[in-house]
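Take the given structure of chain A and dock chain B to it, following the hints.
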Amino acid sequence: MKDPESTAQLPLPLPFGAKAEVIKLPLSEQTIPTGKKRNEKGQIKKPDSLWYAVYFPQLIKLSASQQQKYLNELAAVLESVSSTVSFHPQALICEIRSSLKYFGCIDTIHDKVNEPLSEALKQLSLADYFLYAACPTVTGSLLLARSGHNGLIYRKENLCSALGQLSTEVLHLNKEQNRRLRNLGVRYLRDIWRLPTDGLYKRFGSEFMGLLEKALGKSPELTHNYVPPLTFSISYDLPYEVESLDRLLPVAEEILGQLQEFLQQRDLSTTHLVFYLKHEKRNCTDINISLRQASRCRRHLLMLLETQFSNLIVPAPVIAVKMKVKKFDTFMSYNESLLAEDKPAGRQYNNSNLNQFMEQLKARLGGLFINSIYTVAEHCPEYATKQLAYDETENKVGGYHARVPLAPRPFLLLQEPEQLVLENGELYHRKPITIISGPERIESYWWSGTDVRRDYYVALEKNGSRLWIYHERRNGNNWFLHGYFA
Amino acid sequence: MKTYSESSKKAPDSLLGRAYSHIDGADQDNLSDVPGIEELLRRNADLWLGCDMAGQGVHGRSTGYPKLDDTLPGRGWPQNGLLEIISPQWGMGELQLLIPLMRSVIEQGQWILWISPPHLLYAPALIQAGIDTDQILVVNLDTSCKDALWSMEKALQTKNCGLVLAWQTWLPSKVLRRLQLTAENGDTLGILFKRRESKYSPSRISIQIRSSASNINSFKEAEITVVKARGNFQPHTIQLQLYQHHACI
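Protein chains in written order, with the working numbering: chain A, 9 to 494; chain B, -4 to 244.
Bound conformation, chain A alone (with noise of 0.2 angstroms):
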């Protein structure tokens, strides 16, 4: 791409007057190439934007989605040179007047981007390359760029001339317009200036005209900018080195306001985060916080984390606290009815403080700690209960539970069933048993190595206990302690 400064498009003679009128050729200020042009009212009038459109054909055959998500992370790239990012079909585009002054000139933007999107591309396994163009209008730096022609118009009454050359499939009509127009003789868009205006109105509609007075900067381009996404990270170096994490509380306080301040300004809330403690000549200590229900409120996450110290012990004396948030979301906040008789006589207590209990419990003992229980289709009695994390139940179909069998099941179910006295035909735990009813044949596993034959009794300990115990049909036959009735 040539220097700004230096015209490359010189300016075509137009191909017919009236279209000169429309555009307006300020003739008398053609010969000032930048700088601050002056109006009939000697005000100081801004120079014409200038983008930067960046082109990927490659993406035309992705889904829409895919095509957003790409986007999005080579706007990231783009936004180094420009403050203004753009989402449009298969590209972007970059408003680049503001940052010429800082760059220089225009290949000097172009050397910054090119390295970084080749290499973006390559990293989203796309084919790397790329067309660009740049001029006064959006829509016109995009037809340029579709053209491959990787041109730079710089000033607006240039436009109409270098827009002209290029063919109308640059448009990216649709079958029965591209024909319409072949019919008409049209191979380029300077055929189309020829034509009279009411009459492509007519035939082709306002869209089609609209497109056309954006790329030619008659009428006024909406934009969709591209909006970074949210980091918040923080650090603090503490004055002096800390080694009871007690000391710290203040300091995370500080550090948890402001993020309050900041997710609250935002309408945020966050669902995890971590800090890192960092110790002199040896690798920081992370904590992580993850929460179950997003939070903002600072006393919440001030809590969790004192939970988190109160089980730290940390290998050096911390020099410095940094945060960071790893995931934000979008702050939900419940509806309470407006009058106590609406709520549902069943779920009169809100989730959101059992889920503040649950994690503070999970802080404290460790997410496996913690369980909640459900039946399982079995008719093995050890596997037909299962205990489940209480994080990983959200994976787990709600409300669903398997048919238990009618025979009595014992509260309390020993880990390894105990093996039970036989002497002189009578039963012993402790004390002598004596079987109140039964038995209760169980049969399962045959297909499989471990087979379970057993025949189930309820019984009744001298001393009190209700058991549940069972006869091993297969080896040994040996009585077995399986449970207590408690």
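None of these hints come from the bench; they were simulated from the model.
Check before you lean on any hint, since a few could be wrong.
To be verified - Here's a subset of chain A near chain B, in silico, CB distances under 8 angstroms, partners left out: (1) N379; (2) G457; (3) R474; (4) R482.
As the list claims (entries may be wrong) - Here are the simulated lysine-lysine pairs, PhoX-like style, with alpha carbons at most 25 angstroms apart: (5) K120(A) x K109(A); (6) K141(B) x K169(B); (7) K210(A) x K222(A); (8) K215(B) x K470(A); (9) K120(A) x K183(A); (10) K439(A) x K215(B).
Note that beta-carbon positions come from the ideal geometry of N, C-alpha and C, so glycine has one too.
Relative to the frame of chain A, chain B by itself:
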């Protein structure tokens, strides 16, 4: 100005009169405005009659066993505080006593937290007893005693937990006192299963379960002694039929 204040004073009076008119009929006497002792006792859980408490008042949660209700102050389990169930060994039917309570807690949308039960909590048995397992959480047996007590205290503070069950045979009375206060403040009922009776326990109610002396070979019958209950003077002993939901035993 004066008329306004007079009218504002009068208005609640007349309202009160109307509200309690069902007690004494439409009597316009001044005394009728004051609710009776029975009425006060019924409405206020913190008030109780000083003596002969067993089976008086209605501020308790029904145990589901009418005979047991008759021996407990407030005709049922207390709304909050600490409850001790002493069972010399597990499997005496100690959980049977709580089945109706657990059902009502779950119906109210509250959770039940089981803190380190001595053996695996068996889900099919809960379903058989009509207790939904969706609102049940279990803290593992491997949890250290300190952590278990910590989670018990936190659970007692949470409104979402309607019932906290813990198996702790020996606890210093200082800890028990702390748990008792937490349970009262958090308005939650905590239940401690113990092997032995401790004399100076600060818990609200202490219940001992034994196998029935008269009918020692009966599976369903058990002897319940209310060793201690705030308001009761002497221990009451009753015979209860447990395991009612197991028809085929």
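Each hint tested on the structure:
no.	hint	verdict
1	N379	5 angstroms, holds
2	G457	24 angstroms, violated
3	R474	5 angstroms, holds
4	R482	23 angstroms, violated
5	K120(A) x K109(A)	15 angstroms, holds
6	K141(B) x K169(B)	14 angstroms, holds
7	K210(A) x K222(A)	18 angstroms, holds
8	K215(B) x K470(A)	14 angstroms, holds
9	K120(A) x K183(A)	38 angstroms, violated
10	K439(A) x K215(B)	19 angstroms, holds
Checked against the numbered hints listed earlier, the structure breaks hints 2, 4, 9; every other hint is satisfied.
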